[in-house]
Each structure stands twice: as structure tokens, then as C-alpha cells.
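> Position chain B relative to chain A; hints supplied.
Residue-level listing of the chains:
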Amino acid sequence: MEVLHVEGLSVDYRTGGGTLHALKGVSLSIHEGEIVGVVGESGSGKSTLALAVSRLLRTPPAVQREGSITFRGTEISQMRPSEIDEVRGTGIFMVFQDPFLSLNPLMRVKDQIAEVIAVRMKRSSAPFDRSSAEAEAVAHLKTVRIGDAEDIAERYPHQISGGQIQRVMLAMALAARPQLLVADEPTTALDVTTQAQILAVFKEIVEKTKMGVLYVTHDLAVAGVICDSMAVLYGGMVQEAGPTEKILFEPKHPYTVGLMDSIPSKTKKEGPLTAIRGAFNPQGLEGICSFAPRCPLAHEECRRGVPAQNPVDGRTVRCVNYGENYEP
Amino acid sequence: MGILSVIRQLASRPAPLLGLIIVSAFYGWSIVEGLLQLVGSLTHNTALGWVLLQSNPFTPSTSNSLLPPSFSHLMGTDDLGRDIWTRVLYAAPTDALVSGVVVGGGILVGSLIGIPAGYIGGAVEEVNMRFTDLFLAFPALILAVAIEATFGRQLIYAILALIIVWWPSYARLFRAEALRIKNLRFIDAALLSGLPDRSIMAKHMIPSSLNTMVSYATIDLGNSILVYSILCFLGLGIPAPAPEWGSMTSLGLYYFPQWWWYSLMPGFVITVVVIGAALLGDGLRDVLSGGA
Chain A
1 MEVLHVEGLS
11 VDYRTGGGTL
21 HALKGVSLSI
31 HEGEIVGVVG
41 ESGSGKSTLA
51 LAVSRLLRTP
61 PAVQREGSIT
71 FRGTEISQMR
81 PSEIDEVRGT
91 GIFMVFQDPF
101 LSLNPLMRVK
111 DQIAEVIAVR
121 MKRSSAPFDR
131 SSAEAEAVAH
141 LKTVRIGDAE
151 DIAERYPHQI
161 SGGQIQRVML
171 AMALAARPQL
181 LVADEPTTAL
191 DVTTQAQILA
201 VFKEIVEKTK
211 MGVLYVTHDL
221 AVAGVICDSM
231 AVLYGGMVQE
241 AGPTEKILFE
251 PKHPYTVGLM
261 DSIPSKTKKE
271 GPLTAIRGAF
281 NPQGLEGICS
291 FAPRCPLAHE
301 ECRRGVPAQN
311 PVDGRTVRCV
321 NYGENYEP
Chain B
1 MGILSVIRQL
11 ASRPAPLLGL
21 IIVSAFYGWS
31 IVEGLLQLVG
41 SLTHNTALGW
51 VLLQSNPFTP
61 STSNSLLPPS
71 FSHLMGTDDL
81 GRDIWTRVLY
91 AAPTDALVSG
101 VVVGGGILVG
111 SLIGIPAGYI
121 GGAVEEVNMR
131 FTDLFLAFPA
141 LILAVAIEAT
151 FGRQLIYAIL
161 ALIIVWWPSY
171 ARLFRAEALR
181 IKNLRFIDAA
191 LLSGLPDRSI
201 MAKHMIPSSL
211 NTMVSYATID
221 LGNSILVYSI
231 LCFLGLGIPA
241 PAPEWGSMTS
251 LGLYYFPQWW
261 WYSLMPGFVI
271 TVVVIGAALL
281 GDGLRDVLSG
291 GA
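Protein sequence lines, in the order shown, are assigned to chains A and B.
Residue numbers 1 to 328, in the working numbering, belong to the letters of the first sequence in order.
Residue numbers 1 to 292, in the working numbering, belong to the letters of the second sequence in order.
Check each hint, because a few of them may be wrong.
[Claimed, not checked] EDC-like, lysine to aspartate or glutamate: derived pairs with alpha carbons at most 20 Å apart: (1) LYS246/A - ASP219/A; (2) LYS203/B - GLU86/A; (3) LYS203/B - ASP129/A; (4) LYS203/A - ASP219/A; (5) LYS203/B - GLU134/A; (6) LYS122/A - ASP197/B; (7) LYS203/B - ASP111/A; (8) LYS203/B - GLU154/A; (9) LYS203/A - GLU245/A; (10) LYS246/A - GLU34/A.
[To be verified] Computed footprint of chain A on chain B, listed as stretches where at least three residues anywhere in the stretch have a Cβ under 8 Å from a Cβ of chain A: (11) 191-200; (12) 204-216.
Worth flagging that the hints you see were computed from the coordinates, not collected in a lab.
Glycine included, every Cβ here is placed at the ideal spot set by N, Cα and C.
Just chain A, same shape as in the assembly (with noise of 0.2 Å):
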């Protein structure tokens, strides 16, 4: 079953200084069990498009032009603040990449977590009783492998390193039992054996409950180890999507070709590290391909429209070199 669905989803900053256009008509698809990862530099829109799905965005300066989000059917974007309530937790949860300010510093952390499971119960009409909830909430400590799970329970957030509070953060959504996660860079602050056990419990729990996971990262690797499909997203639109075999072994744009080619090989010297050049700039990106200004195999034809999805071999591309289709 379809969890989320978003289709060409545009979303606008603006300020004082003009408008920024963060997502251009993005589209993308979760199912039950399946984690999709987002994968893109600073500034392509990844976290933007993660905070609109939780609808997280703070309006202004944000605005969603056109598109939409749905939810198990139910479309989301437009709801008011009321009923988006109800949504989140059993619905929608989200980590976020920064740990140290994701818990309420003054409250304990089984507290949180009880206050996650008072919500669920609350919605299933289920008896809330404190103490089994503090009972659960430990086993869900233990669930994300967290040792001594007794004892952190009791613990205030600075009580806790990154990685046991973004842990705690996933005891949380197991504890909500969200219907979709969204994931952004949740283990980007940590360091990288903190890393793997927390992708490797994050898979775990996603094939247990079954939930749909949107996953966002700038990391290559990570996406590799955890996710079923991605999407590269630069400049805002989704570059190149599909299953992540055929993505990260056999990259067809050259945005993907380009990131693939700079991450360095842990078991070789390969002499200098080949980079994309140039830097990613929003400005005089209009109605051409975003990718133009810094691509290697930039020509003509590049800047005669947005380039539109080609359908090649099993995933798609928004590349001209793959079929001269242009968005109307």
C-alpha cells in the first residue's frame, strides 16, 4: 500500500530579498516497508521537502506553490494546523539531523517517550496508564539497542551523547508506531560507528513494523546501505530515481555520474579526487537545465527547456543526452 505520494510539489522561500525557488514540481512515491532515500548537496532542497512532508515548514518565508502531499490517501499539504495534529505521531514522525536540541532539555527522557505513547493511546481509545508507558518506553530503549536502558530512561537530554538521543529520537518513533518516518540526515552529527549501528537498527525496525521511511542524506554511502530506491535531487528537482542498485552502480545523469565519482574508495589510492566543478547557484536556472552551468557534457540543447524525465533502463532521468524531451 502507497504511505506517501507526493506529486509535483513546488515550494517557494520568500523574503524581503526576492524568491527562492527550493522544489520544482518534485514527485515521489513511499510503500509500506520501503525506505526512499533523498539524496542531494546543500542547497538542492532535500530538507525542505522532508519538513514539508511533516508539514514542519514555517510559513512565511516558505510557500507551496503548486502540488501535493498524500498521506495514505488523504491529502495533507492544505490541511489546517487541527487536524495535521491528528496526523502526526501515528501517522507521521520525523528525526531530525541535529540531536542536541530534538529533546526538551528540562524533561526526563522516558517522560518523552510516555508523552508519545499517551498521544497513541489517546487516539486508539486505549486506557493511558503511567507506569506501563514508562515500561514501554524502556523497552523501546532496548528495541534501539540502547545499553543500560533503565538508567538513560530516567536521564535528562544532557544527561546523553548525540547518538543515544537521536536513538532515543527512534525509540520514540517506535513508540508512536508512525505509519511514515521521515528521516532527515539523522546520522549526519555522528560519528561513524555511531553511524552503522543506528542504520543497522533502522533497518531492523522498519522491516519489523512495516513503516514507510523517508530517508534524507547527503551521503552516498549511507543511502547505499539502507535505502530500497532513491531520488538525486539538485536544484530543486529530481534528477535522476530509481532503485538504488541501478543508481549508485550504474549512474546514467551526470549529476549522479559526478557525485558517484567523488567519493573517495576506502581501499585504493586513485590519485586526485575528481570534484564537479563550480558550485551550485540558483540564479539563472530558469527554463533551463540545472545542472547546465557546472555539467561536463553541457551543450546547446541543455538550455532550450527544463529537461524532462526519460524513462532509461529501470529508473529515469532528467537528461536531454537520454531523449530530447523538455517539460512543457
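Chain B alone, transformed into the frame defined by chain A:
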């Protein structure tokens, strides 16, 4: 950070330590004396109110009238020969009660108005804050005098009048805190948990903003005593013969400057308590804002 560690940090510097001593002596004494007075009045045994005092604060003793400060009368005696220090001590619980209730009431009303203004924003913010401005636009003292003069000279009206002039500054503070806190990630996390706005404000925003309020409220305890004393000085406090610091200062003015202690001694006590609260509040701000 536990309360003990806060106290330890306060005690490590002279000014906050002095403030801590003055404020705890004032409230400590007020609680003891206030309970005695309360039990005394409930059991129709008013003498219980001055068992700890040197003499009865109400009984005139004309032979002792207007004696200067000495070891037997630390602050001298008033026109009716009553010991001023005794009367000051007897009056302390009223001022303690007024300061506590006024500041507490100000925080309560201020949070109810200010937190939704900052958190929800939009029309709620406009309405709440313009309403606050309406009260801020009046000179506080004149508003309090008007309220008291309308309703009558009773402690409860004095307290109500003070709360009415007191909450607007807290409403502004709470709004500013709400604006800061609502952008923190854990509020998003609470939203994501499916909590309604009401619970987020009650369980996440108010507790988080109290840290900032503590030091401000401590300084304010002194200010509210000062304003209450001014009301009494103007003859709007609790009626005679009950002693009150402000009204004692005011009555003493008839005997100034020849019998200076009658007016200056109660005034001096007010000053000490107000400065004590200011020193403690200042110290608390340094400690709580993470200077340590």
C-alpha cells in the same frame, strides 16, 4: 542543575550572598510570624501573633513615646510609645504575602496572555499584545491608586490592583520567550508526537521559559513591596492600627525631622529588602544564564 548547586554558586560571591541572606531572612521570618498570626486570628487568640516579639505591637505606652533608637528599642518608639522594630516585624508577613501573590499572579496572567501571543502569532498576538499595551500605557501607580480608591481599602483589593498593573511586563517577557522557544527543535518534535498546541504551550513552553522568569521575578519581589509600600504611604493600604511599612513611614513624616527614626527606620527596612531582592535576582541571572 540542582537547587543546592545554585545556592552554592550564589554564596560564592558577596553581593548575591548578601541578597540571599536578606531575602531568606525576610521570607523565613514572614512565614513563621504569618503562621502565628493566622493561627492566632483563627483561634481568637490574637496574642499568639506577638509571642515571638518583644512587646505587643498595638498597646500604646505614652510614657515611652518617641524614644530614640537604643538597645531596648532598636529603632526607637513611635508617638504612642510602641516599639518600631516590633511593629516592623509584625508587619513583615503582609508585605511578604503581597509580594509573593502579586509576582505569582503577574506570572500566571502574563503567561496566559504572552505565551499564546508568541507561539500562535497572527491575530492572537495582535489582540493579546495590544491589550497588554493598553495596560502598559497607564502609569502603573496611578492605575493601582484608582483601582484601590474605587473598590476600597482592603488587602485583597490592594493585591488585585497590583496584579493588574503587574502582569503586562510578564506578558511581554513570556511572548519574547515563546518566540525564542518555538523555533527550537524539540517543539517540532512535540508537534510531531501529535500533541495539540494547548499541551505544547503548557508542558513545553511554560516550563522552558521559567528559567528566564526566575531572576526577573526575584528582583520584582522587591519592586512589588516598594509599590505596595507607596500605596500604603499614600494612605491606601490596610487601615490603622495594623502596622505597615509604608504607612509607618508616612505617619512618621509628621514627626520629621526632630523624631527622624519614626519615619526613616521603616523606610530603611523597605530599602534593605528591596536591595536584597535586587542583589539576589542579579546573582540568579548570572548563575542561571550559564555563566557558571
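> Compare the structure with each hint and give your call.
Taking the hints in turn, this is what the structure says about them:
no.: 1; hint: LYS246/A - ASP219/A; result: holds, 17 Å
no.: 2; hint: LYS203/B - GLU86/A; result: holds, 18 Å
no.: 3; hint: LYS203/B - ASP129/A; result: holds, 18 Å
no.: 4; hint: LYS203/A - ASP219/A; result: holds, 17 Å
no.: 5; hint: LYS203/B - GLU134/A; result: holds, 18 Å
no.: 6; hint: LYS122/A - ASP197/B; result: holds, 16 Å
no.: 7; hint: LYS203/B - ASP111/A; result: holds, 11 Å
no.: 8; hint: LYS203/B - GLU154/A; result: holds, 18 Å
no.: 9; hint: LYS203/A - GLU245/A; result: holds, 17 Å
no.: 10; hint: LYS246/A - GLU34/A; result: holds, 16 Å
no.: 11; hint: 191-200; result: holds (count 7)
no.: 12; hint: 204-216; result: holds (count 3)
In summary, this structure violates none of the numbered hints.
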